[in-house]
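K.L.:
Spelled out, the chains give:
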Amino acid sequence: MFFTLLISGLVIGSIYGLIALGYSMIYKSSGLLSFMQGDIMTLGAFLGITFYSYAGLPFPVALLLVVLISIALGFAIEKGVIRPLLNKNTMAIYIVLATIAVSYIVQNGSMLVWGTITLNFPSIFGISTIKVGNISFQPEALMCIVVGFFCMFLLQIFMNKTRIGTSMRAASMDAMAAESCGIDVSLSTGLSWGLSAGLAAIAGMLIGPIYGVYTTLGATIGRKGFSSAVIGGYGNMYGAIVGGILLGLVETFGTSYVSSTYRNLIAYVLLLIFLLLKPTGIFNEKAIRS
Amino acid sequence: MAAMLELKNFEYYYGNIHAVKGIDLYVNEGEMVTLIGANGAGKTTTLQTISGLTSPRGVRGEIWFDGKRIDKKKGNKITAMGLLHVLEGRHVFPQLTVEENLKMGSYLRRDGEGIKKDFQKVYDLFPRLLERKTQAAGTLSGGEQQMLAIGRAMMAAPKMIVLDEPSLGLAPIVVKGIFEAIKEINKRGTTILFVEQNSKIALATADRGYVMQTGEIVLTDSCANLAANEEVKKAYLGG
Ligand SMILES: Nc1ncnc2c1ncn2[C@@H]1O[C@H](COP(=O)(O)OP(=O)(O)OP(=O)(O)O)[C@@H](O)[C@H]1O
Ligand SMILES: [Mg+2]
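Protein chains in written order, with this note's numbering: chain H, 70 to 359; chain U, 4 to 242.
No lab work stands behind these hints, which were simulated from the structure alone.
It is possible that part of the hints are untrue.
Said to hold, decoys possible - Straight-line Cα separation of at most 25 Å, DSS-like style, residue types lysine-lysine; simulated pairs:
# : chain 1 : residue 1 : chain 2 : residue 2
1 : U       : K136      : U       : K80
2 : H       : K157      : U       : K80
3 : H       : K157      : U       : K76
4 : U       : K120      : H       : K157
5 : U       : K80       : H       : K148
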């Protein structure tokens, strides 16, 4: 029982972590909140089914394609919607509203293309369950945890150890100084939005085979990913990962030991508690105006 | 010989605000020139427009650098041409380490060996930075941050550096050190234009100077002559 719960907690936790990382990157690079994360995740899952099941591509190829398409989409949204608004000196709240509009367009667009019924993501591995002792779980669950953690690890390396990643962090700390170092800040911001979308799409492709794929898949998970980001410290990359995994575990164990009626309540009550008592989150991200 | 940097009848508008009202200014290769003036004279506007950091919409007139017209170019492109800007208020990347900040200065370079040598040059000029290599730049003192901002510009191996109020908020003894370093950088061949409110040290450091008042250049001469000028003495040197 414990291990089964642990695995499902880590599965959903790593998904929350991936989504939360996207929120953090967008917040850090543009100082904004994007409501599109969840719906891009749904889109990623739908595209995944299309490439993997309908087009018959191998799963890794389908995953790569979906990620690249989503990065391009995120980049295009920043350039086509966000940047023009920023250039007009539009207040942040209006830009956030624009992301809500885009999120509904993505959601309803998916509905038009793929319909409203839940699609089954065909199994990726030859076997349907792995048995270790008396615990059994889906191989897709293990894949979700492993790939999810690997992507988060890879992103840390990229952001902290590479020249481009460091320049993206620099641009998000001080755009003018970055520009004067020769960094293309506009490109860098676009890339942050692209990577956020890529992370969401990966999350969709990892959770699709476990939860099934339907139009509102990302809506709930997107909100929980947001809660995770706040719990970890909004804008902090480590916070996003830790917050996500923590929320996944608390939610899963809480639901099992207390009651499943509380499943969705847990995340938002926790969100509110953190906002009221510790807005800086676990990793003490700046939350109070100085 | 054409000047390394030249402004021809340069004006700047922030919407309706006419911040700079048609100035001519040049800096020859190897020179060290200062632009002094009171608060709100338009010094920062001028410097940031040279570096492509203001909105190009407000620019009138021409700016030339190294034989090319740059007044409509983006900031990162001007940096790529070899004109580096040390911003007013230092603007180090607070959560990056000292070393990472310097690396960002060499962002556009691909010559690994040259970069290594320039790291050494920066650390030789500012040994403090070497001691604090792995420290987050936001935790440095004001003087150390100014050294880092200058070091970061040096890391681009620039032809020219423009500095905006390098003395801002620093103790006199620290200011002296910073200006000695700037002089040294100039002596090694980098052309320099700097803006200063501390007119005394500015006129003691640079070769030539421009005096700016509410968007206009009211006086230009060698620093020695400016320092001896009665009006300059009265308005900027405290009698
Ligand atoms: N972003 C802006 N929008 C509108 N007006 C501006 C802006 N930046 C500067 N100004 C105005 O332009 C004029 C020149 O400002 P600038 O910052 O260039 O002066 P400065 O000489 O650098 O002053 P200081 O010595 O205080 O730094 C000022 O009147 C200022 O109010
Ligand atoms: Mg100024």
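K.L.:
So which of those numbered hints doesn't the model satisfy?
P.N.:
1, 4
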